[in-house]
Amino acid sequence: MVRLTAAFFAAVLTLSAADDLDSQIKSLISVYASLESNAADPVASEQAFYQGAIPGLLRVLDPHSVFFDPGQFDQLKKMEASTQKGFGSVVSILPGRVIVLQTLAGTPSAKAGLSPGDEILAVNGYVIARLDLDQLAELLSESRQRPARLAVRKPGSKHILDLTLIPADMESPSVERAFLLGAGVGYIRVSSFDEHTVQGLKEAIEKLGGDRLAGLVLDFRNNPGGLVTAALETASLFLRPGQTILTVRGRHMPEKAEAVPASAKPYGFKLAILINGKTASASEIVTGAMQDHDRATVLGEPSFGKGLVQTVYPLTQGTGLALTTALYYTPSGRSIQKPLDAAQFELAATTAKPNQAKEFRTDGGRVVTGGGGIRPDIAVAPPAMNRLRAVLEATGSFTTFATEYLRDHKVSQDFAVTPALMDQFQVFLAARNIEPGVTDWSQERDFVTNRLKTEIFNQAFGVEKGDEVEAERDPAIQRARAVVGS
2 MVRLTAAFFA AVLTLSAADD LDSQIKSLIS VYASLESNAA DPVASEQAFY
52 QGAIPGLLRV LDPHSVFFDP GQFDQLKKME ASTQKGFGSV VSILPGRVIV
102 LQTLAGTPSA KAGLSPGDEI LAVNGYVIAR LDLDQLAELL SESRQRPARL
152 AVRKPGSKHI LDLTLIPADM ESPSVERAFL LGAGVGYIRV SSFDEHTVQG
202 LKEAIEKLGG DRLAGLVLDF RNNPGGLVTA ALETASLFLR PGQTILTVRG
252 RHMPEKAEAV PASAKPYGFK LAILINGKTA SASEIVTGAM QDHDRATVLG
302 EPSFGKGLVQ TVYPLTQGTG LALTTALYYT PSGRSIQKPL DAAQFELAAT
352 TAKPNQAKEF RTDGGRVVTG GGGIRPDIAV APPAMNRLRA VLEATGSFTT
402 FATEYLRDHK VSQDFAVTPA LMDQFQVFLA ARNIEPGVTD WSQERDFVTN
452 RLKTEIFNQA FGVEKGDEVE AERDPAIQRA RAVVGS
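Here the sequence shown is numbered in my numbering, starting from 2 and rising by one per residue.
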């Protein structure tokens, strides 16, 4: 019934432009009255309008304008905060298994006695081993909203503990990681842009050395964006006062350029930015400005291409509307937004300048590609997944071995994976019917060594230390390190 209703209303709302608004409204009311009187099943007005008429109207505009019913709009407002409910633990999600990697001090997880290496066997009566990865991710997400009952097994123990965790407000810092890749070269991963991002970036940069740094690698991979104001403030940390960061153009919006404030005191060290197909919106604004002004070398894969201005309008009865009202352009004039179907969305055409050049150049005269999204200056693909790597990851071999190893061994931060430990890992794999050939084992020795150390550090010292180890085999990070460290 919902699909039928949506189709009816979409048809009504795409009447010829020659019809005036009054006649279209009358047609809409007439269709709804017919449905309410004659449909085989009762038609709820909320279904008809919230899931039918209004989405049908928006669908002919563009795929990003969204109507929020009261529940969805309330959830949107909660998501705008940088806090969310949680238990304060970092877990490794494996097929049929969940292993605790780290618990944060003072959080519900730590107070309940969870510790690295613990295996969560069930959540609220749902047995983890019986769930696929999508079901497991959904269960873990839902469990953070209310008290959760966990069945937990400690490493080396057959006894099952029953724990109840009460979720608490957790800070979700957008600046997730900051460490040195080598002498004078820093690395910072930014997962989103919120009101605390710039302060977090400043603190991270100063911790790494501030102006004494020779170079910095900013990792925007998998960063979906966030607040545009945070993107503008971030760009102002590295660009000169007066330089343009972006331009906004819309059909009913005067063109507006955003520039670096005159009071800005930017850092001067070399800069590299990492992007991929999930880098979007605010992170593309920063990356595009840095590239156009030749301030940073961009590495990785082409970004997502979302450069829409979404204006959120509160409506009656607790509902809301996120409407596309303009587009973002980089300083050289490139539209960040990927082209949409012309029949769906013509904003790009109506806001483009009449004789806008199709060739875009940076301040230094380099040609950069337009057409939506940001193309890297240096393409770096992620490591390829072969059969052995896939088997080792899918079976959770690294995480399980690390848990067992740490049960009997203490490690320090100068720990290294020795040939003897590699032999021990081979025996561990053989006991689980994983016996790679000599050639495969030899070719993947560096990968296996790094992954073992990463998982041992994850559980022994926390995931930030594990990330430092993992960075050593990340081709994009290592290429960026060479660029800014040269």
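Hints listed in this document are in silico derivations from the structure and should not be mistaken for laboratory results. Fair warning: there could be bad hints in the mix.
[To be verified] Keeping only pairs whose Cα atoms sit at most 30 Å apart, straight-line, the calculated BS3-like set for lysine-lysine is: (1) K339 <-> K112; (2) K466 <-> K208; (3) K159 <-> K339; (4) K155 <-> K208; (5) K466 <-> K155; (6) K271 <-> K466; (7) K208 <-> K339; (8) K208 <-> K279; (9) K257 <-> K208; (10) K203 <-> K155; (11) K466 <-> K203; (12) K266 <-> K208; (13) K279 <-> K155; (14) K339 <-> K155; (15) K411 <-> K279; (16) K155 <-> K257; (17) K466 <-> K112; (18) K279 <-> K339; (19) K271 <-> K208; (20) K339 <-> K411; (21) K257 <-> K279; (22) K203 <-> K159; (23) K203 <-> K257.
Query raised in the report: Between K208 and K339, does the CA-CA distance stay at or below 30 Å?
Result: At roughly 37 Å apart (the allowed maximum being 30 Å), K339 and K208 break the hint.
Requested in this report: Please work out if K208 and K279 have their alpha carbons no farther apart than 30 Å.
Outcome: holds (28 Å)
Query raised in the report: Does K466 pair with K112 here, judged by a C-alpha cut-off of 30 Å?
Result: Holds, because 23 Å separates the two Cα atoms, which is no more than 30 Å.
Query raised in the report: Is the hinted pair K257 and K279 satisfied, with a Cα-Cα distance of at most 30 Å?
Result: Measuring from Cα to Cα gives roughly 27 Å; hence the hint holds.
Query raised in the report: Would the pair K155 and K208 pass a check requiring their Cα atoms to be no farther apart than 30 Å?
Result: violated (36 Å)
Report task. Starting from K203, check that the Cα of K155 is at most 30 Å away, please. Result -> violated (40 Å)
Query - Pair hint K257 and K208, alpha-carbon separation not exceeding 30 Å - result: Roughly 36 Å separates the two Cα atoms, so the pair is violated.
Query raised in the report: Keeping to a limit of 30 Å between CA atoms, is the pair of K279 and K339 held or broken?
Result: The hint holds at about 13 Å.
Report task. Take a quick look at whether K339 and K411 sit within 30 Å of each other, Cα to Cα. Result -> violated (51 Å)
Query raised in the report: Quick one, are K466 and K155 close enough, alpha carbons at most 30 Å?
Result: holds (23 Å)
Query raised in the report: For the pair supplied as a hint, K155 and K257, is the alpha-carbon distance within the 30 Å limit?
Result: Distance ~58 Å between K155 and K257 Cα, so the pair is violated.
Query raised in the report: Between K271 and K208, does the CA-CA distance stay at or below 30 Å?
Result: Status holds; Cα separation ~17 Å.
The structure is inconsistent with the numbered hints 1, 3, 4, 7, 9, 10, 13, 14, 15, 16, 20 and 22, although it conforms to all the rest.
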